[in-house]
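*Asks:* One letter stands for each residue in the lines below.
There are 2 protein chains.
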Amino acid sequence: MPHYILGIDGGGTSCRAAVADAKGRILGRGKSGAANILTDPDNALIHIVGAATAAFEEANIAPSEIGSASALLGLAGSNVGDAVHYVQGRLPFAKADIESDGLIALQGALGDSDGAVAILGTGSIYIARQGSDVRYIGGWGFQIGDLGSGARLGHALLQESLLAFDHIHPSSPLTDAVMAEFNSDPRDVVEFARVARPGEFGRFAPKVFAFAEHNDPVAITLLRASAQTIDEALDVVVARGSRRLCLLGGLAPLYRPWLAKRHQPLFVEPEADALTGSVALAAKRFAADARERA
Amino acid sequence: MPHYILGIDGGGTSCRAAVADAKGRILGRGKSGAANILTDPDNALIHIVGAATAAFEEANIAPSEIGSASALLGLAGSNVGDAVHYVQGRLPFAKADIESDGLIALQGALGDSDGAVAILGTGSIYIARQGSDVRYIGGWGFQIGDLGSGARLGHALLQESLLAFDHIHPSSPLTDAVMAEFNSDPRDVVEFARVARPGEFGRFAPKVFAFAEHNDPVAITLLRASAQTIDEALDVVVARGSRRLCLLGGLAPLYRPWLAKRHQPLFVEPEADALTGSVALAAKRFAADARERA
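Chains as they are written, first to last, in my numbering: chain A, 5 to 298; chain B, 5 to 298.
It is worth saying that the hints were derived from the structure and are not from the lab.
Here the structure is a predicted model, which means the values were calculated and not measured.
Accuracy of the hints is not assured; some may be wrong.
Note that the list lumps identical chains together, so a pair holds whenever it fits in one copy or between two copies.
[Said to hold, decoys possible] Pairs of lysine to any residue, SDA-like flavour, derived with a Cα cap of 25 Å:
#1 K265 / P174
#2 K99 / D239
#3 K288 / S104
#4 K265 / H171
#5 K211 / R94
Could you put together the complete structure from these sequences and hints?
*Replies:* Structure (structure tokens):
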């Protein structure tokens, strides 16, 4: 009986799974709905199993084999013990290791080489790996962390638009465009911001990049400040020895030209995606099991 | 029958009232509980009437006279129409005008002269008056406004403490002290910040001033940045003609030495408090009524 391994990339939008043989060769892939173990662990479980089942189906393997598979799951919220224990105890796999979504992204991007990833999306976090040593820097969420993230950049834009409205800072086509979106009424901006979630602030981030391309002075000021926070975090991972830096996340290609010259020679393109990374980690992690069975 | 006027200063902690004769000479004062018309309008009404009744009692005037008094109320949240209409329609006074808490503070601080006040407490707002023209600058609340406020300064300190924890920015005795308060666990800081209200962030602000006095480099950096936001707002009111600036609020005496040299010659001490200001505004506003009756 062959031993199958599963790599699973579970996120707030969707969950993807790949089934592979013991050497990590992918046999089939599957996808399902959101797998947010913090806000909705029961649906996360359903979607994890759904994605795994779909992967087995694509590979023409009997779904009953799921119960004997070893799975490595990369999940957001993996640092919150309660949620992890709840989910881990209910998974139908023979073995299941839960790691961070960042770690499988790093494995996918860098393969087995040392280096660091900067994940620049709605949030921001940096992960550096040297051999078996993995370190997380930043993150901490929108409220007092995630500097350089889309949410923080969008937040800064709204704040700057109010400062421009009050003539405390100069206005620009960008701040004019923001105010126009809110009926030129600062109270509408305040009301939006009072209840907005990080993703809703983040939707303003691409606007900053777009206006900066047309030399909007406020956009350039905001982007320089935001890029500086990223450069400062990259300085830490470089000082600790990382010589390959991979920018990931939706804002990665937008930010890259705004980052410091000193970092440009260190940037590398990602080798593969997070799902591939989860399979590769699973293959390494469960290689011993496979040898035992062989 | 004499015509009495009432000045009322209603805030989130307490409500104060003063009854005066038609010329604005204060005859008695009273105090009661919180008068937050946004979060609890019914209790605000009870406490407004309670403070007024206490003022009439101290002045040895029959409480039944309250119904013929003209009142000017300075209330936080006076820019929210629904709350104002609800409260105004239920007040027992012959006349009742509701103004902002800031306007009565300005009237108290500057008397009838032109100038501006900067109110620096948990929040921040600037009000400038030239003759009958009154302009508000800033404010807008903690989420995307209130720069320089205690809440924003405390927030900046927590963020900086996490940056120091990650070695992205230098640590200092101040950031060490903050982390020690949170068991040196950044997750505890994040959890606090996730649910903290502005006042809870604001409680960290005095610590920044205290450590800056002992030359803590992080405290000094944070305070300079925060003071700069105040100086920039003061530049706007000065550019519009204000030549007298009065700093009010709990952080006013702490901030003053950190503000720019160009503003120092313009600072004046407040003449009186907000309650006195509400009485003075009431006396001006209702002078015509008093003459009619005389």
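*Asks:* Determine for every hint whether it applies to the structure shown.
*Replies:* Outcome of the hint check:
no.: 1; hint: K265 / P174; result: between (28 Å within a copy, 23 Å between copies)
no.: 2; hint: K99 / D239; result: neither (38 Å within a copy, 64 Å between copies)
no.: 3; hint: K288 / S104; result: within (16 Å within a copy, 66 Å between copies)
no.: 4; hint: K265 / H171; result: between (34 Å within a copy, 21 Å between copies)
no.: 5; hint: K211 / R94; result: neither (42 Å within a copy, 47 Å between copies)
Taken one by one, the earlier hints fail for this structure at numbers 2, 5, listed in ascending order.
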